[in-house]
Structures are given as C-alpha cells and as structure tokens.
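Asker: What follows is each chain in one-letter form.
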Amino acid sequence: MIEVDRVTRKYGSFAAVKDLSFRVEAGEVLGIVGPNGAGKTTTLRCIVGIIPPTAGDVRIDGHSIVSDPIAAKKRISFMPDEPRLFDHLTVFEHLEFIARIYGVEGFETTASTLLQELELSRRRDSLPAELSRGMKQKLVIACGLLHSPDNLVFDEPLTGLDPLGMRRMKETIVKRARDGAAVIVSSHMLHLVEEICSRILILKEGKKIIDGSLEEISRNIPELRGDLSLEEIFIHIIGPGEE
Amino acid sequence: MSGAFRFLLLYSLKNRILSRLRRLRSPKYLISVLAGLGYLAFVFFKYPLRAAPAPDRDALQLLEAVFTVLLTLVTLYHWVFSTRGKVFDEAEVQILFPAPVSRADVLQYRIARAQPGILFGSLVTFLVFSRGGIVWRPEFLLVTIWLVYSFLSIFRIAVWLTPHTPAGRKLRPRISRIVFVAAIGCALWIWRFLPPPAASDLTPQSLLSWLHLVTNSGPLFLFLLPFRILLRPAFAPGFFEFVMLLIPGLIILAAVYWWILLCSGGLESAVLGKMREAPREPKRRRAQPFALKPAGAPFIAIYWKNLLLAGRFSGRKAITLSAVMVAILILALNLVGSETASAITGALAVALAGFLTFLGPVLLREDLRTDLTHAGLLKTYPLSGREIVLGEVLAPATRLTLMQWALIFIAASVLPNTEEVSYSAPQRFYAGAAAFLLLPCLGFIGTLVQNASALLLPGWIQLGKEHKQGIEAMGERLISSIATAVSLVIAAVPGALVFTLVLIPGYRVAGQAIIPVAALASAVVLIAEAVLGIMWLGKLFDRFDPSKELDSGI
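Heads up: the sequence lines are chains A and B, in that order. My numbering numbers the first residue of the first sequence as 492 and each following residue consecutively. My numbering numbers the first residue of the second sequence as 39 and each following residue consecutively.
Among the clues, some could well be false.
Stated by the list, open to error - One-sided excerpt, in silico: chain B residues whose CB lies under 10 Å from chain A:
(1) Ser70
(2) Ala73
(3) Gln326
(4) Leu347
(5) Ala413
(6) Pro420
What the hints assert, rightly or not - Going by beta-carbon spacing under 10 Å, a handful of chain A positions derived as facing chain B:
(7) Thr533
(8) Ile542
(9) Ser568
(10) Val595
(11) Met657
(12) Lys661
Read the hints as simulated data drawn from the structure, not as lab findings. All C-beta atoms in this analysis are idealised placements derived from N, C-alpha and C, irrespective of residue type, glycine included.
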C-alpha cells in the first residue's frame with residue numbers, strides 16, 4: 492500500500508506539489524494525469540525517495556520514505572519514463588546487480604523468465620549501447636520487477652515500446668495488480684489510463700483536482716453526462732487551452 | 039565561421055559563466071571560491087610574478103629538453119589513441135550536422151569552442167607553474183602554454199578525422215611505420231654514441247644533462263624539432279626574439295588546421311563511425327572482476343559495477359600503455375646496462391608511487407564522479423548513503439592501491455645495492471612496508487576528497503562517463519589536483535604526528551625496525567579519518583537533491 496500524506500515539494504519559492512494526499516491499496520491501479528508541469532513526475536520522485544518532500548510524508552506498506560527509507564525502498568519499484576542504465580553493464584549483469592542490491596536469492600530463474608517475457612533473452616550479453624530504446628525500457632522494467640515488489644510506480648510506461656510490447660506491458664501492470672500489488676501509473680496516454688486504472692487522480696499546478704473511479708468523477712461533475720471518456724473529462728477539468 | 043556559430047559560441051559561453059556565477063548564491067560554492075582565491079592570493083604574496091633578471095641558461099635548456107620529450111610523448115599518445123572518442127556532443131550532431139552549413143564551418147566552430155577551456159587551462163597552468171622567475175618573461179610562458187594546448191586540441195581533431203578519408207586511411211599506417219622506424223633508429227643511435235652516466239655517477243643532475251645532450255644531438259634533434267619549435271617562445275629573452283620564435287609555432291598550428299580542412303570530407307563518417315561499428319549481434323559474454331552472488335552486503339554490487347566500468351572502458355588503454363612502458367623499460371635495461379637502468383627504474387617507481395598518491399584520485403574516477411548523473415537511480419535503492427558512498431569509492435581506491443603496491447614492489451626490488459648507492463635489504467623492507475601501509479590510506483582519502491567535491495559542488499565538477507576529455511579540461515584538472523593535494527596534506531597531519539610520536543622514542547629501542555610500526559599507527563589514524571569521511575559523505579548523499587543539484591534534474 493502506498494500512502495501519500497500531505498506532501499508538499501517546493502523548488503525555492505515555487506511549489507511543484509502542494510499538500511497532496513492520496514492512498515493506493517493493494518490490488519489497485521491509480522492513474523495520475525495532468526497537464527505538463529502539473530507535478531506528476533515530482534510526486535512520483537517523492538514517492539520513491541529520489542527527492543525528499545519539503546513537507547508531509549510517504550509511507551510504503553507502513554514504512555516512511557522520510558524516516559525509514561531503506562525499509563520503504565525495499566518494497567517499491569520505480570520505472571521512469573527515460574530508461575537510465577549503466578553503460579558498461581550487460582543486460583544480464585543489470586539483473587545480477589539488482590539481485591545483489593535487493594538480496595534476491597535464486598534470481599536466475601526469475602531473471603530468465605523476465606527476459607523471455609520481455610523478449611530480451613537473445614540480448615542477455617548486450618550492453619545498453621547495443622539496444623534499441625524500447626529494449627532499454629524493457630530492461631528497466633525487468634530490473635524493477637526482479638525483486639517482486641508489492642508496490643510499483645510507472646512513469647509513462649509505454650514510451651518507446653512497439654505495439655506488441657505495449658500490449659504486454661498493459662497485461663503485466665494489470666496482472667501485478669491482480670496479484671496484490673499497489674500500482675501507480677503516470678501517463679499522458681489517457682486511453683491507457685482509462686483502460687488499466689481502477690482509479691484516476693487529476694493534478695493541476697501541484698494540487699489534486701479530483702480523485703476517484705471514472706464513474707465517480709463523472710458523477711461528481713454534474714454538468715457532464717454520465718458516459719464520458721477520460722479525455723473529455725480531462726479537457727473539461729483542465730480546460731481546452733492547457734493541453 | 040558563420041554568424042550563427044559565433045552566436046552559439048558567445049551565448050553558450052555567456053550562459054555558462056552566468057550559470058556558474060549564479061551558483062555563488064549558494065554558500066558552499068561561495069566559500070569554495072573564496073577559499074580558492076585566498077589560496078591564490080597567498081601563493082601570489084609568497085611568490086610574486088616576476089621576470090627572471092638572468093635565468094640559469096643550463097636550467098632553461100634542461101627545462102626545454104624535458105618538456106620537448108613530454109610534448110612528443112603526449113602527441114604520440116594522441117596519434118595512437120585519439121582516432122575514436124567523442125569530438126562533438128550529441129546536441130551538436132543532432133542540430134549542426136543536418137543544418138545547411140559547410141563542414142569547414144562546423145570544424146572551425148569545434149576548434150573555437152575549445153578555446154575558452156584552453157585559455158582558462160593556460161592561465162591556471164601558468165599561475166601554478168610560473169612562480170619564482172624561471173624564464174626571462176612570464177607573459178611569454180603564458181602565450182607558449184596557450185600555443186601548446188591549442189596545438190594538442192586541434193591535433194586531436196586531425197587524428198580523429200584522418201582515418202575517415204581515403205587518403206588518410208592510406209597515409210596513417212605509413213606515417214605510423216615511419217615514426218616507429220625513426221624512434222627505433224634514434225634509440226639505436228643513442229645506445230651506440232651517447233651511453234647514459236654510470237650508476238656510480240647517477241644523480242638527477244647528471245641524468246638531466248644526459249637528457250639534454252641526447253635531445254640536442256643526432257637524429258633525435260630532428261625528430262623532436264617540431265615540438266621544440268612549439269616550446270621555444272617560452273624561453274625567448276626579449277620581445278623581438280619571442281615574435282621570431284612564435285611565428286614558426288603558429289605555422290605548425292596553421293599546418294594542422296590545414297590538415298583538418300583536407301580531411302573535412304570524412305567528418306560525417308568520423309561522427310557516425312561509432313554507430314557503424316556497433317555490432318548487430320550481441321558480443322560474447324564479457325569478463326567480470328568477480329562473480330557477484332545475490333546474497334551479501336549490497337554495496338559490493340556497486341563496487342563490482344565500478345570495477346567492470348574500469349575494466350571495460352579504460353582497461354584496454356591502460357594495458358596497452360603499461361605494455362609500451364614495460365617494453366621501453368626492458369629495452370633500456372638491455373641498452374644501458376642493468377645497474378644504471380635499475381637505479382633509474384627504482385627512482386622512477388618511487389616518484390610515480392608518490393605522484394599517483396596525489397594525481398591518482400583525480401585520474402581514476404569510477405565513483406560518484408561517474409555515477410552522480412544516475413543519482414536518481416541510486417536513490418531508489420534500499421541502501422544508506424554511507425553504503426552507497428563506500429561502494430562507489432572502493433573501485434578507484436582498489437585500483438590505485440594495486441598500482442602503488444606494484445610500484446613499491448618494483449622500487450624495493452630493483453634499487454641497486456652498490457658501494458656508492460646502498461640500500462640494504464632491511465632498509466628496503468622497512469621503507470617498503472611503511473609505504474605499503476601509508477600510500478593506499480592517503481590514496482583512499484584523496485578519492486574521498488574528490489567524491490566530496492562531486493557531492494558538494496556538482497555544478498562545477500565534470501560528472502558522468504562522458505566527462506569533458508582532452509586538453510580543454512586541463513584547468514579544472516589542475517585545480518582539482520591542487521585541492522586534493524592541499525586536503526591530503528591537511529588530512530595527513532594527525533597521521534604524521536602519530537608517526538613521529540611512535541618513531542622518536544621507538545627508534546632508540548628498535549632502530550629502523552620501528553618505521554613500519556610507526557607507519558601502522560599512522561595508518562590506523564588515517565583509516566579512522568577515512569571512516570569519518572565516509573560517514574560524512576553518506577550524510578551528504580542522503581541530503582543530495584538531484585532536482586536541485588543536477589542540470590538534468592535526476
């Protein structure tokens with residue numbers, strides 16, 4: 492479970508995230524959407540412990556990322572939009588490295604299965620420079636899933652993937668949630684969010700505008716008809732001039 | 039060069055300076071600048087810049103000989119190793135190469151782009167090495183340093199371009215063969231006609247005089263002539279002589295520029311060379327430093343990763359260079375007789391071990407200086423800051439230690455035991471054991487100092503694997519080396535005190551045998567300092583905010 496409790500993140504005098512609170516239960520997929528500069532990526536970085544919140548706290552399965560970061564980080568994985576890999580480690584060495592960092596005993600079987608699922612088996616001895624962007628993205632995902640975390644955070648998970656890769660990624664996210672993981676997906680691809688997320692949170696200028704399932708959001712905005720798509724809701728809330 | 043390139047150069051420079059100045063709003067950057075300026079002011083006060091009224095002619099000739107040999111070696115290094123590597127950055131390739139501009143324009147831009155770094159590097163080198171009036175006129179030295187740095191910068195571009203033109207592909211191996219045969223010819227000529235001083239007469243002075251004699255006679259004089267021409271202006275006594283000596287140097291610079299223009303047809307091919315060579319199929323399994331088991335201390339994973347980086351990206355070059363050096367050494371041993379060669383080799387090993395203690399931490403950088411660009415990724419790992427710092431600094435410290443131990447072993451083994459120069463076996467053992475204990479501790483602290491500067495001043499340190507290469511970064515490297523040296527001297531004070539406190543009373547009881555014991559006591563103090571340093575750096579890493587400190591934000 493991921494609990495975001497009154498998180499504020501400031502850069503100088505500018506607040507990128509303001510007093511944000513929400514929680515993601517086990518088995519739930521929360522989609523975070525918002526225009527550029529809404530604070531989505533800052534929120535995700537605060538959740539996974541890359542940057543400290545200026546105020547508030549994030550708890551991963553009850554462990555605070557501020558006061559007990561190691562226990563919290565053991566229980567979460569972050570898949571960023573830009574695949575950042577170590578240039579000098581091969582595909583399989585990345586998995587060896589992550590296995591040691593997270594203490595994954597007998598990782599070889601899981602690693603081989605992940606590489607097979609993500610169609611990287613033939614590339615296990617390749618360096619990142621020898622991989623396409625999509626393959627790098629898949630490797631980041633394999634690293635993130637290797638220690639079978641109960642909490643997953645994806646930032647634009649479909650970027651750079653081919654159609655088959657996109658389909659598999661969507662299936663992976665849904666399957667992990669079905670198996671009991673708490674998942675957060677941040678994306679501008681509203682159809683993806685609509686398809687796989689059980690709840691949606693819309694951010695604007697660092698503040699939560701609305702949070703709930705698509706039906707709940709539609710119900711809470713009386714001027715909208717009942718069966719609108721997320722795109723129509725998004726444009727209504729954010730305004731046509733914003734995105 | 040077109041107006042667009044001039045705009046790019048000027049505005050990039052202006053914005054770079056402004057962004058660095060803006061950093062001064064942060065107290066840690068301001069304090070660093072004030073400390074640096076304070077140090078410079080102290081040095082200026084102690085050793086004011088002045089012209090030498092009558093410099094020692096012999097000393098000047100020796101300086102010229104030493105630097106001519108050094109410049110020749112650096113140029114040969116570029117000739118061998120600079121055919122690959124990055125000359126243009128990714129943004130330049132993506133934006134400038136599809137633009138409707140001539141290749142000559144792009145190359146002129148690249149040459150001009152290096153100039154701010156070269157000018158800064160020249161100034162820093164000049165300020166560091168020109169104290170005490172060693173030449174007739176200090177300003178001539180400054181111009182000469184600029185000339186030499188500019189030559190090396192454009193020579194590197196020329197070497198990078200050459201294999202990518204049809205004529206260059208044919209000429210390069212021929213020139214390499216000619217240079218190789220000439221070098222062998224020179225070595226044979228020296229062996230036949232100019233044997234070095236005997237081991238009994240071997241002093242630094244006699245060795246330097248021999249070097250001067252060798253570089254000024256026979257075929258080696260001709261071989262070194264272009265490099266001597268580049269250095270000569272520094273030693274001019276007056277303005278007229280300086281101009282007359284500068285003109286041939288500028289002609290050499292122009293000749294290299296002309297060579298670059300001749301090879302400009304290979305520009306795109308040189309830029310795309312790396313991509314073309316990228317294998318379509320994965321390479322065979324690559325060697326690892328040791329097998330990484332999934333169980334155990336997690337920071338070992340970072341150590342393992344950094345050892346891999348060191349092996350895969352700098353190992354080949356280091357091995358080649360070491361092999362060349364060993365070959366030269368063996369050749370020298372055979373040519374000049376074993377006793378003299380042993381003395382030279384031993385003295386060189388001692389000097390190199392000491393030199394590595396100060397410069398090794400600057401050069402070996404498979405630690406936070408490479409990885410801080412991945413700070414966002416490192417921070418997601420379930421490791422404390424001090425575990426990450428320890429994992430990061432271990433790889434360069436290990437490599438440095440191995441190099442220092444090898445050099446200590448060579449020195450202790452080969453230093454001669456003659457009537458004139460006597461180092462008895464126990465003396466060698468005591469001194470060797472002390473160095474064996476102390477140098478790695480100092481090297482480790484030096485590495486911590488470098489990592490501290492990366493964490494404290496990331497906006498001013500070149501981070502990442504693709505850190506700025508070449509002569510343009512000379513100024514920053516020199517500043518970094520001075521900071522390491524000053525910090526090391528300060529860090530060594532408690533250790534030196536303990537060493538003295540153990541040595542003085544112990545010497546009466548145990549004689550020279552107390553030296554390793556005193557070194558051990560001193561090493562314990564240095565290790566305690568290193569542990570404190572790791573804890574402090576761990577806290578710095580925990581507080582490190584990539585979104586504030588790094589331009590990339592992660």
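Asker: Identify every previously stated hint that the structure contradicts and give their numbers, smallest first.
Answerer: Hints 1, 2, 11 and 12 contradicted; others consistent.
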